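Colleague: In case you want the letters, here they are:
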Amino acid sequence: MTMEAMETPEQRIRTLAVELLREGKIDMFVGLRRGVLPLTGTPCFIPASRGGAQEDLEQAVGQLVWGGYSAPNLAAYLVSFYEPDLRLKQQPEKPVLGLQVRSCELRSVYTLVREKQVPRDKLVLVGVPCRGMVDLRRLREKLDLERVTDAVEEPGALKLKLPGGEVVRLDREEFIEDACRECRRPSVPEESVDFLVDGPSRKEAAGVYDAVRAFEDRPVEERWRIFLEETSKCIRCYACRQACPTCYCRDCFAEQTDLHWIGASAELSDIQLFHLVRIFHQAGRCSSCGACARACPVGVDLRTFTQKIVKDVDEFFGSLPGFSLEEVSPLNVFREDDGEEFMSEP
Amino acid sequence: MGKQKQQAKILDKAKLPDLIEALSARAVCLGPVRSADGPRWERLKPSSVLDLESVNTRLSPKAVFLPQREVLCTFRGDRLEDSPPESEAERTVLFGVRACDARALQCLDLVFGPGQSRFSDPYYLERRERALIITLACREPGRACFCTSVGGSPAGTEGADVAAVDLGAELLLTAVTDKGRDFLGEQEALLTAADQSHLESARNQAERARSLVGAVDLEKLTETLARDFDDPVWEELARPCLGCGVCAYLCPTCHCFDISDEVDSRGAGVRIRSWDCCQYPLFTRHASGHNPRVNRKQRLRQRIMHKYAYTVENSGVIFCVGCGRCILNCPAHLDIRVTLRALQTRGGRS
Amino acid sequence: MTADTNWQPKIVAFLCNWCSYAGADLAGVSRLQYPPNVRIIRVPCSGRINPLYILKALQDGADGVLVSGCHPGDCHYISGNLLARRRFALLKSLLTYVGIEPERVQFAWVSASEGGRFADLMTKISAEVAALGPAQKLVKEFRR
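Chains as they are written, first to last, in my numbering: chain A, 1 to 346; chain B, 1 to 350; chain C, 1 to 144.
In short, the hints are calculated from the structure, not lab data. Everything hinted at is true.
Below, simulated EDC-like cross-link-like pairs (lysine to aspartate or glutamate); rule was C-alpha separation at most 20 Å, straight line:
#: 1; chain 1: A; residue 1: K233; chain 2: B; residue 2: E70
#: 2; chain 1: C; residue 1: K10; chain 2: C; residue 2: E141
#: 3; chain 1: C; residue 1: K137; chain 2: A; residue 2: E229
#: 4; chain 1: C; residue 1: K124; chain 2: A; residue 2: E341
#: 5; chain 1: A; residue 1: K233; chain 2: B; residue 2: D276
#: 6; chain 1: C; residue 1: K10; chain 2: B; residue 2: D264
#: 7; chain 1: C; residue 1: K124; chain 2: A; residue 2: E345
#: 8; chain 1: B; residue 1: K13; chain 2: B; residue 2: D195
#: 9; chain 1: B; residue 1: K179; chain 2: B; residue 2: D109
#: 10; chain 1: B; residue 1: K297; chain 2: A; residue 2: D85
#: 11; chain 1: A; residue 1: K233; chain 2: C; residue 2: E141
#: 12; chain 1: C; residue 1: K137; chain 2: B; residue 2: D264
#: 13; chain 1: A; residue 1: K142; chain 2: B; residue 2: E140
#: 14; chain 1: A; residue 1: K233; chain 2: B; residue 2: E42
#: 15; chain 1: A; residue 1: K142; chain 2: B; residue 2: D51
#: 16; chain 1: B; residue 1: K297; chain 2: A; residue 2: E83
#: 17; chain 1: A; residue 1: K233; chain 2: B; residue 2: D37
#: 18; chain 1: C; residue 1: K10; chain 2: C; residue 2: E103
#: 19; chain 1: B; residue 1: K13; chain 2: B; residue 2: E200
#: 20; chain 1: A; residue 1: K233; chain 2: A; residue 2: E222
#: 21; chain 1: A; residue 1: K142; chain 2: B; residue 2: E53
#: 22; chain 1: A; residue 1: K25; chain 2: A; residue 2: D121
#: 23; chain 1: A; residue 1: K142; chain 2: A; residue 2: E154
#: 24; chain 1: A; residue 1: K94; chain 2: B; residue 2: E236
#: 25; chain 1: A; residue 1: K161; chain 2: B; residue 2: E140
#: 26; chain 1: A; residue 1: K116; chain 2: A; residue 2: E93
#: 27; chain 1: C; residue 1: K124; chain 2: A; residue 2: E340
#: 28; chain 1: A; residue 1: K94; chain 2: B; residue 2: E235
#: 29; chain 1: C; residue 1: K137; chain 2: A; residue 2: E222
#: 30; chain 1: A; residue 1: K142; chain 2: B; residue 2: D37
#: 31; chain 1: A; residue 1: K142; chain 2: A; residue 2: D171
#: 32; chain 1: A; residue 1: K203; chain 2: A; residue 2: D171
#: 33; chain 1: C; residue 1: K137; chain 2: A; residue 2: E216
Since this is a predicted model, take the numbers as computed values, not measurements.
Excised from the complex, chain A in its bound form (with noise of 0.2 Å):
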């Protein structure tokens, strides 16, 4: 058995962080971390000169992490990196990043790419394998997480470690995002990365759009009861829109005053209106990767909400956002038989 064949996927991306980095093929390193909090993952940027020596390099990379610890979609960082500077006349010249990509960070990417704000050859992706990530949201649920002092992530199970030495036992199928539960995609095909790590990944889920039909299905008064009561508990902070990695305007709709489309309050069709549009802007372009969902402080659920555009997109035009630069956006393009049952006769 070989070397590598011995590494499990966070030494594999550790190694090839480090020989990326240390080759001068990339300018920065962006993973994850372990957050302070149990199960939670933090974004990692590691430079390549760090200024110091050869074990500095070894160290901070030795900080990256794989597994299922609750973090934000990488690929949201990525636009700052490449958007130009304004103000000044010449722009300076662009990095090289390597980074760390699970199959919906991905997606995200290429959605990037595709829209020509981020630059395909001055990625070097580093496609990873995904078993779902933990929702602390339902952790919470169970029991009280912030009194939880350390927490150690199996393959069936999570081990969280409460004051008093005491072990709490969970399985962990239960307690994964529901974004993850029903992801179609978890693996990254080979040809759309620059270097696959080998490891498990989960199955990809079948009826990927139940809970949605399953909400299509309720009566009108009962979708208009749930939709007025999540959006009563948003307070406008635009952590879904920041978490969500192709929300990138510089000048969101919702912000704009010299069209002034909607206030900047909590009011509540502002709100309305501040989530169909953000959803409808996302029509074939989100990834599913439940990013805003998670961001979110007060726990509205967006998902039953994102997730009805993302049908809509792939059963209307038969399209979703995938790994290709080739893909065109469904929205700017038409076919002659694009269907009109909506549309009305007198």
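Model the placement of chains B and C on the given structure of chain A, informed by the hints.
Modeller: This is chains B and C only, laid out in the frame that chain A set:
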């Protein structure tokens, strides 16, 4: 000691619904109500299930005094109309405010007046005047709590009118202000006298809780912040930040706001105040398009400087009470304790 | 609100200049009767319609919104309506999904020569919206 005993009363927890009923008659009564996602500040009914065990609510009670959306005035065309009617309630009673959140209100008082500021905010002050704050001492801190490092403590009574301590089957209620004393007087029928053992229990609980709070060393912070404004470490620290606004919205001392006008198609409208956040790119964008804080590094630095340096300069107080909400709710899992430590250890190395 | 027996629905109609607006004009010139509840807004093309126009109309108290353009293949700008068709399909589906009554937001193709069709369409939509009563769901309370 004797004076303390006079001001200290006992409420049997079984009588809480009665207390809520009595209060609800003439006041808007708010408290942390149990929910699947943790306690939430809600209007209390006698049937409400209070959550007195969880560490803290997700949203701080600052929204009671500085609402997310507040109508400042209404107008029709170019004619200003009467101010919106004030609330009918005589009083707002907040039951179960944690010590950190009560201290935070005192920080907000510094901003909105009266006292140090030349300008008083009548909207905020009116709500403050009407409010009665009943704090609830923490028995066990959470993993993200660090109140003791910023001048607070789990059983602290700064900002309280009445301080409550959970002794199991009973609550020990102690008046802290005259308002609190009057309140306890009003509820006399439901209360019994406290004795030495109650006070002793409360003291022990406070000591224990205090010893459990995680400490953050902030000794070198002032010096670091004063000196290292241009240190490249800020760039590193700001990278994981998404600029999402959760930290500021949930922070009990953050108070920045935006004022905007909303007009309907008939020319009638409102001027509203709503929460704003220094992490948003638009926060400092000028009408010309120039933005003095155009990137994340500048904005993150601003947040830290404002809370830990500028407010100290202006009023001698750190605008952070160590409640830990920013740590618990940051989608990128940034930890302000890590940030502060990194600044102090890194300081001057460049 | 609903106690007002004099209530008449207010319908906002975004009509494309080249076809639907001309069609509406033809209805008028031909003295064809249709309910006077509609406020027409002329746009260059149905492809110009930003979903926010429809939503803001609802927010500001419109009881119903109609968007009408040229028949596919007849667009003055060649493909404006064809691109719009996809947008409208998604928007209608999303709004219905969250519980907005489907009759409140409607889309149609009306050509410049279809004065009668426009009148019939308006009559039908007006009746459908009237049956639903005043819109409440997305209405913004501007003064609270």
